[in-house]
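> Top to bottom, those sequences are chains U and L.
Residue numbers 1 to 121, in my numbering, belong to the letters of the first sequence in order.
Residue numbers 1 to 108, in my numbering, belong to the letters of the second sequence in order.
Please keep in mind that the hints were generated in silico from the structure rather than gathered at the bench.
Any given hint might turn out to be false.
Stated by the list, open to error - The following residues of chain L were derived to be distant from chain U, with all beta-carbon distances above 12 Å:
#, residue
1, Leu-14
2, Val-18
3, Thr-21
4, Ser-29
5, Gln-37
6, Ala-42
7, Val-46
8, Pro-54
9, Asp-59
10, Thr-69
11, Glu-80
12, Glu-82
13, Ile-98
14, Val-107
Claimed, not checked - Straight-line distance between alpha carbons at most 30 Å, and here's what the computed DSS-like set of lysine-lysine pairs gives:
#, chain 1, residue 1, chain 2, residue 2
15, U, Lys-43, U, Lys-13
16, L, Lys-38, U, Lys-43
17, L, Lys-104, L, Lys-38
18, U, Lys-75, L, Lys-104
19, L, Lys-38, U, Lys-81
20, U, Lys-81, U, Lys-64
21, U, Lys-43, U, Lys-81
22, U, Lys-81, U, Lys-13
23, U, Lys-13, U, Lys-64
Every residue, glycine too, gets a C-beta built ideally from N, C-alpha and C.
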Amino acid sequence: QVQLQQWGAGLLKPSETLSLTCAVYGGSFSGYYWNWIRQPPGKGLEWIGEINHGGTTNYNPSLKSRVTTSVDLSKNQVSLKMTSLNAADTAIYYCARRAIRGVSFTPLDLWGQGTLVTVSS
Amino acid sequence: SSELTQDPAVSVALGQTVTLTCQGNSFRSYFATWYQQKPGQAPLLVIYGQNYRPSGIPDRFSGSASDNTSSLTITGAQAEDEAVYYCNCRDFRGYNLIFGGGTKLTVL
């Protein structure tokens, strides 16, 4: 059974950099876009961006200047970095996958457990 | 515009049918996907594409679309269906994903 396991620092100070990793266990790494989505406490979902096994990325225009994603094919892992954090970045961060089917819009069919990141001085 | 609009809250009596809607220009080009999120859990895919359900999703969940509106229908709502439901699609550029604000469904 394919699982996504994610981890990273949970408490950061303003201006610091968020760093999260998501590992894929029990399944293929290629053939998918690996997405990051966040959810502020009590609020809705916000898409951050995605990366495929070849390193092609798409980012939310509102976050693009602060976000970087990368892949480690040897470990089947994807990583998210977000710079210049502020309190508004406090959220649960999820990784999720969606299959690559040409230009078709495919669903986020598998999600990680989420990581709560709190930005506070 | 690249927005998806959902009603913030909807209620349904146990066993009755309820339809949740999501409005957006993206639906002129793409089908919506729908996610169910219960407290303390990650979102769960319930409907995608024209009207497809992942394995394990009950057949009381169905999807449809018309013009700029996508809909999720639960036929015979159960207590365990109480959750927040999010719609999701690509934006008009076709590269970015967008989510609706979510509909909190209460089963009475």
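> Taking the hints in turn, state whether each one holds.
Checked hints:
With 12 Å as the threshold on Cβ separation, the claim that Leu-14 of chain L sits away from chain U holds: the shortest Cβ distance comes to roughly 26 Å. Distance to chain U confirms Val-18 of chain L as a non-interface residue, since its nearest Cβ pair spans about 20 Å, more than 12 Å. Every Cβ of chain U is farther than 12 Å from the Cβ of Thr-21 of chain L; the closest lies at roughly 16 Å, confirming the non-interface assignment. A cut-off of 12 Å between C-beta atoms contradicts the statement that Ser-29 of chain L is not in contact with chain U; the least separation is 9 Å.
Residue-level check failed: Gln-37 of chain L sits 8 Å from the nearest beta carbon of chain U, not beyond 12 Å. Its beta-carbon lying about 4 Å from the closest one in chain U, Ala-42 of chain L breaks the requirement of being farther than 12 Å from that chain. Consistency note on Val-46 of chain L: stated as away from chain U, yet its beta-carbon is not over 12 Å from all of that chain's, at 10 Å minimum. The claim that Pro-54 of chain L lies off the interface is violated: its Cβ sits roughly 6 Å from the closest Cβ of chain U, which falls inside the 12 Å cut-off.
In this structure Asp-59 of chain L is separated from chain U by more than 12 Å, as the shortest Cβ-Cβ distance comes to about 18 Å. Remark: the non-interface label on Thr-69 of chain L is consistent with the geometry, its nearest Cβ contact in chain U lying 17 Å away (cut-off 12 Å). Residue-level check passed: Glu-80 of chain L sits 19 Å from the nearest beta carbon of chain U, beyond 12 Å. With a minimum CB-CB distance of about 17 Å to chain U, Glu-82 of chain L clears the 12 Å threshold, and the non-interface call stands.
Chain U draws Ile-98 of chain L into its interface by the beta-carbon criterion, the shortest separation being 7 Å against a cut-off of 12 Å. The non-interface label for Val-107 of chain L is consistent with chain U: the shortest C-beta to C-beta separation is roughly 21 Å, beyond 12 Å. Straight-line distance between C-alpha atoms of Lys-43 of chain U and Lys-13 of chain U comes to about 21 Å, which keeps the hinted pair within the 30 Å bound. For a cut-off of 30 Å, the pair hint linking Lys-38 of chain L to Lys-43 of chain U stands: about 13 Å separates their Cα positions.
Simply put, Lys-104 of chain L and Lys-38 of chain L have alpha-carbon atoms about 10 Å apart, close enough for the 30 Å limit, and the pair holds. Restraint check for Lys-75 of chain U and Lys-104 of chain L: the C-alpha separation of about 38 Å exceeds 30 Å, so the hint is violated. Annotation: proposed proximity of Lys-38 of chain L to Lys-81 of chain U holds, straight-line Cα distance about 27 Å (limit 30 Å). A hinted pair counts as satisfied when its Cα atoms are at most 30 Å apart, and Lys-81 of chain U with Lys-64 of chain U qualifies at roughly 11 Å.
Restraint check: the Cα-Cα separation between Lys-43 of chain U and Lys-81 of chain U comes to about 22 Å, which is no more than 30 Å; the hinted pair holds. For the proposed pair Lys-81 of chain U and Lys-13 of chain U, the alpha carbon gap of about 15 Å is at most 30 Å, so the pair holds. Between the alpha carbons of Lys-13 of chain U and Lys-64 of chain U the distance comes to roughly 20 Å, so the proposed pair stays at or under 30 Å and holds.
In terms of the numbered hints stated before, the structure departs from hints 4, 5, 6, 7, 8, 13, 18, listed from lowest to highest.
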